[in-house]
Amino acid sequence: MFSDAELCAYLDEDLEVGRMTDIERELRVDPTLLKRLTTLRANTGAGNHSLGAIWHSHHISCPSREDLGNFLLGILPPDQKTFVKTHIEINGCRQCQANLDDLQQQQSDARAIVQNRRQRYFQSSAGFLSQQ
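Numbers given in my numbering equal positions in the sequence shown, counted from 1, plus 174.
Restraint-style ranges between C-beta atoms, simulated for each label pair:
| # | residue 1 | residue 2 | range |
| --- | --- | --- | --- |
| 1 | W229 | D283 | 30 to 36 angstroms |
| 2 | S238 | R193 | 24 to 30 angstroms |
| 3 | Q254 | T213 | 36 to 42 angstroms |
Please keep in mind that the hints were generated in silico from the structure rather than gathered at the bench.
Idealized CB from N, CA, C, for every residue including glycine.
Turn these sequences into a full structure, and let the hints guide you.
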């Protein structure tokens, strides 16, 4: 029902949420699946890494945080923009999605601070301007 690649991705918490839920549900009722997971974990821990696994675990293909920020600002060249969008939306990289969410939150917080500052400037100068 589940491939070894899917189970390895599950162990690395790098599987789409729906598929992870399916595996967790099946683990509750299928002891052989738990044995397979244990074996896969042991093999991975024993140094049996593929080039793809090393590439993935070290996030070699992930864009930098600066590139993610530029993506949010809409200033990446079209080919890089396509890469970042594919990496996040299709590949579903959780680390990059978390970085993107964090950058969006920082951007939102910065907007709120600027808006608050403008409001205070306006309020502090409103009386001064009316006296002129």
